[in-house]
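Colleague: Let the sequences and hints guide you as you build the complete structure.
So the protein sequences, as listed, match chains A and B. Going by my numbering, the first sequence opens with residue 1, and the numbers climb by one from there. Going by my numbering, the second sequence opens with residue 1, and the numbers climb by one from there.
Quick caveat, the hints were computed from the structure, so don't treat them as lab data. It cannot be assumed that every hint is accurate.
[As the list claims (entries may be wrong)] Covered by chain B, per the in silico footprint, the following chain A stretches (three or more residues, Cβ under 8 Å):
| id | segment |
| --- | --- |
| 1 | 37-48 |
| 2 | 105-114 |
[Unchecked claim] Just some of the chain A residues that point at chain B, by a computed CB distance under 7 Å:
| id | residue |
| --- | --- |
| 3 | Phe-89 |
| 4 | Ser-99 |
| 5 | Tyr-100 |
| 6 | Lys-101 |
[To be verified] The calculated SDA-like cross-link candidates involving lysine to any residue, where the alpha carbons are at most 20 Å apart (straight line), are:
| id | chain 1 | residue 1 | chain 2 | residue 2 |
| --- | --- | --- | --- | --- |
| 7 | B | Lys-101 | A | Ser-98 |
| 8 | A | Lys-77 | A | Phe-18 |
| 9 | A | Lys-49 | B | Ser-95 |
| 10 | B | Lys-101 | A | Tyr-39 |
| 11 | A | Lys-101 | B | Ser-95 |
| 12 | B | Lys-15 | B | Phe-66 |
| 13 | A | Lys-101 | B | Gly-53 |
| 14 | B | Lys-15 | B | Ser-87 |
| 15 | B | Lys-101 | A | Asp-95 |
| 16 | A | Lys-60 | A | Gly-29 |
| 17 | B | Lys-101 | A | Ser-58 |
| 18 | B | Lys-101 | A | Glu-42 |
| 19 | A | Lys-101 | B | Ser-38 |
| 20 | A | Lys-60 | A | Thr-71 |
| 21 | A | Lys-101 | B | Arg-69 |
| 22 | B | Lys-101 | A | Ser-79 |
| 23 | A | Lys-101 | B | Lys-15 |
| 24 | B | Lys-101 | A | Phe-18 |
| 25 | B | Lys-101 | A | Ser-32 |
| 26 | A | Lys-77 | A | Asp-54 |
| 27 | A | Lys-101 | B | Gln-37 |
Even for Gly, the Cβ is constructed at its ideal location relative to N, Cα and C.
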Amino acid sequence: GDSVTQMEGPVTLSEEAFLTINCTYTATGYPSLFWYVQYPGEGLQLLLKATKADDKGSNKGFEATYRKETTSFHLEKGSVQVSDSAVYFCALSGDLDSSYKLIFGSGTRLLVRP
Amino acid sequence: GAGVSQTPSNKVTEKGKYVELRCDPISGHTALYWYRQSLGQGPEFLIYFQGTGAADDSGLPNDRFFAVRPEGSVSTLKIQRTERGDSAVYLCASSLSAGTKLFFGSGTQLSVL
Chain A
1 GDSVTQMEGP VTLSEEAFLT INCTYTATGY PSLFWYVQYP GEGLQLLLKA
51 TKADDKGSNK GFEATYRKET TSFHLEKGSV QVSDSAVYFC ALSGDLDSSY
101 KLIFGSGTRL LVRP
Chain B
1 GAGVSQTPSN KVTEKGKYVE LRCDPISGHT ALYWYRQSLG QGPEFLIYFQ
51 GTGAADDSGL PNDRFFAVRP EGSVSTLKIQ RTERGDSAVY LCASSLSAGT
101 KLFFGSGTQL SVL
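Modeller: Here you go:
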């Protein structure tokens, strides 16, 4: 079945460092890909998404490109801030009849130190 | 309220007891979802409602779990004869319609002792 694998955390960075969180997926058909973020004490929030190959999702300085040839959707940010400390989840949803169902990775905790 | 509301935020119960978890979706959202997040894992799909009906309950782990949405708004997740393995955060989400952006609540932390 469909699945998402993301790098284990925690990832600890200094402020202004470059961030990459790896995510790869296995899916049939043409899934949509997502990054969700969970700040401490808050609910999951959609960070960005991409719905087809070579699309780039971006938001709040974060970017991820849908790479069908490598089945990847790595999250990047050029300069992280302390406020980016959170847990990041990569996810996919199937196409057509299963577009409503999200399959999540296990999450990567990011800690940014001042 | 402006967001998805879940109550209670924490629930502690004893093995074998019955529990109900409530979700108030964003007003006007026809689609509602329940997910379960075990410690150190990502959320796992449980059930999806479109309006009042459960369109997909394939994620419910067994027949001890049941969910309703009688008026197409508030939903209740019901767990009978709770087991320690049911301990997790239960997340509710809603969206305008199926496949559109999901808005998640903060979850109910269920602890079965």
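Colleague: Do three or more residues from the segment 37-48 of chain A put their C-beta atoms closer than 8 Å to C-beta atoms of chain B?
Modeller: holds (count 6)
Colleague: Are the Cα positions of Lys-101(A) and Gln-37(B) separated by 20 Å at most?
Modeller: It holds: about 15 Å lies between the C-alpha atoms, which stays within 20 Å.
Colleague: Has the given pair, Lys-101(A) with Ser-38(B), been kept, meaning a C-alpha gap of at most 20 Å?
Modeller: 18 Å, holds
Colleague: Hint check: Lys-101(A) vs Ser-95(B), CA-CA at most 20 Å. Holds or violated?
Modeller: 12 Å, holds
Colleague: Restraint: Phe-89(A) near chain B, CB-CB cut 7 Å. Satisfied or not?
Modeller: 5 Å, holds
Colleague: Lys-101(B) and Ser-98(A) were given as a pair; does the straight-line alpha-carbon distance stay at or below 20 Å?
Modeller: 14 Å, holds
Colleague: Holds or violated: Lys-101(A) and Arg-69(B), Cα atoms, limit 20 Å.
Modeller: The given pair, whose Cα atoms are some 18 Å apart, holds under the 20 Å limit.
Colleague: Within 20 Å, alpha carbon to alpha carbon, are Lys-77(A) and Phe-18(A)?
Modeller: Roughly 6 Å between the alpha carbons, so the hint for Lys-77(A) and Phe-18(A) holds.
Colleague: Take the C-alpha atoms of Lys-101(B) and Phe-18(A), compute the straight-line distance between them, and say whether it is at most 20 Å.
Modeller: 28 Å, violated
Colleague: Can you confirm whether the C-alpha distance between Lys-101(B) and Ser-79(A) stays at or below 20 Å?
Modeller: With a Cα-Cα distance of about 27 Å, the restraint between Lys-101(B) and Ser-79(A) is violated, given a limit of 20 Å.
Colleague: Taking only the CA atoms, is the gap from Lys-15(B) to Phe-66(B) under or equal to 20 Å?
Modeller: Cα-Cα ~17 Å, so holds.
Colleague: With the threshold set at 20 Å, check whether the alpha-carbon distance from Lys-101(B) to Ser-58(A) stays at or below it.
Modeller: 15 Å, holds
Violation of the numbered hints given earlier is confined to hints 16, 20, 22, 23, 24; the remaining hints are satisfied by the structure.
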